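Fit chain B to the given chain A structure using the hints.
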Amino acid sequence: MRILAPSAIRQNLLCAAALGLVFLSAPFPRLQIVIHVLLVLALAPRAGSPLSGALWAGAAGWALEGSLRLYPHLGGTAWADMTLTLLAGWMAGRWPLEGVKSWLARLAGLLVAHTLLVHLAVRLASGPHAWGFGWLWSLLSLPVWGWAVWRLMYTGPSPRLG
Amino acid sequence: MALRAAKWGWSRAGWQRLLVLLLWLGHGIWVSLGPAPGRHWTRLADTLSRPSQGLASRWAQWRTSRREAARTFEETRAENARLGTELSQLRTQAAQEAPRLAEADEAVRLLGLKRQIPLDLKAARVVFSTRPAAFGGLILDRGRDLDLVPDQGVLVPEGIVGRLWSVGPTQAKVLPADAPNASVAVMLMRSRATGVLQGLGSGRAMIRYISNQEVVQVGEAVLTSGLDRVFPRGLLVGYVAEVAPGDLELRVLVNLSAPLDRISTVLLLPSQPPLEVQAPFVAPEQKPSRKRGTP
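Residue numbers (the numbering used here), protein chains in the order written: chain A, 1 to 162; chain B, 1 to 295.
Hints were generated in silico from the structure; no laboratory data involved. This structure is a prediction, so every number in the text was calculated from the model and none was measured. Treat each hint with caution, since some may be false.
Here are a few chain B residues that face chain A, going by a calculated C-beta distance under 10 Å [to be verified]:
{"hint": "1", "residue": "G26"}
{"hint": "2", "residue": "G28"}
{"hint": "3", "residue": "S32"}
{"hint": "4", "residue": "L33"}
{"hint": "5", "residue": "G34"}
{"hint": "6", "residue": "P35"}
{"hint": "7", "residue": "S129"}
Beta carbons: idealized from backbone N, C-alpha and C, even for Gly.
Pulled out of the complex, with its shape left as it was, chain A reads as follows (with noise of 0.2 Å):
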């Protein structure tokens, strides 16, 4: 089965919504790189347009970033969080959804990845830094996030899926 792709402004909306919800959570960095992840992997990746999906990425990043003041050179995450999300959207065209556990999976890959990519790109950006335990609460949450965004997205109530 072959699971359409939501409706542009719906998407937008919700990463605006994430946007917003990444600046709110600074005080709690541990559920700010949830939200975090959750925009840059799963909002924002969009197959066939990589533009908007870049832009929110890039936004989640600096705003990542300028709300934790840890680095001397900001970039490396919104670096990351583009490639991912572009990254993303391409499998997203390539491999079309086809059910909640593909899904799941696929976000897990990614997390993984992003991890990693974010932390080269911080390291090139400002030096050495600590990795955190971001990544242990982002992975141990993805069901929960996950299935929240395949249900607001992908299998929710939508004029376009009746």
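What follows is chain B alone, placed relative to chain A:
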């Protein structure tokens, strides 16, 4: 999901892809610059300006070194002149003080010898020397004013000099041990054979009355025997220079140890000293050199 294959070109999708590419590349370049991105430009500028900086540095260094060299040359010349003047003054001063220093050294040595010999020794200064002349001797600056009498022994730290030949009111004449008419009772250090030393001139003398049966080695020390009652036993006279068998006795030539031509101060033994006193200097015997390792 229906995907529409977007074609490259100056279409809307092409512009979007170009923007995405620029956005992604811009971020990537910005990340690759790392912290303090201005340092790359600074490093590049440093690299480009290195040759000119090197030239400027060498030029400034050359000017500084030239200025320093000129200043150093002038200073060196002035210091050289000052040191030259100071050196000449020191040399003059040293030349002026040399006789006094030599006399002081001699006095110190005589004082040491005087402390070693348990006799009432008197000191006198040599004011004139007639040794180059036949039967010449040394003229001392003291005479009867120091209760000197003829036949008192005269010695220096290196060895005996001779005996008083004549004594005047304020001067005395010394008959050196190498004078042809001088005689000193001596003995050989190793064989203890006794004889009479007769002068040959020029710091040399000959021992008479040594039997052909005695074994005398070249380099053996010759000491006073005390039998002439002028010198006590054991004072150093000289060293055997040559030994040759004669008809009746050995012909033993001796080099006197006292530098008779360079004496400035002497010690005078008391008249008729005891035969035996503690010898102040028993000179080490001049042994022939041995090969290392031989017994």
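Structure-based check of all given hints:
With 10 Å as the threshold, the beta carbon of G26 (chain B) comes within range of chain A, its nearest partner Cβ sitting at about 9 Å, so the hint holds. The beta carbon of G28 (chain B) comes within 6 Å of a beta carbon in chain A, closer than 10 Å, and the hint placing it at the interface holds. The restraint placing S32 (chain B) at the interface with chain A holds, with a minimum CB-CB distance near 6 Å, inside the 10 Å limit. Below 10 Å, beta-carbon pairs count as interface contacts, and L33 (chain B) has one with chain A at about 8 Å; its hint therefore holds.
At its closest, the beta carbon of G34 (chain B) sits 6 Å from a beta carbon of chain A; the interface hint therefore holds under the 10 Å criterion. The interface hint given for P35 (chain B) holds, since its Cβ lies 4 Å from the closest Cβ of chain A, which is under the 10 Å cut-off. Nearest Cβ of chain A to the Cβ of S129 (chain B): about 96 Å, over the 10 Å cut. The hint is violated.
When the structure is compared with the earlier hints, a violation turns up for hint 7 alone.
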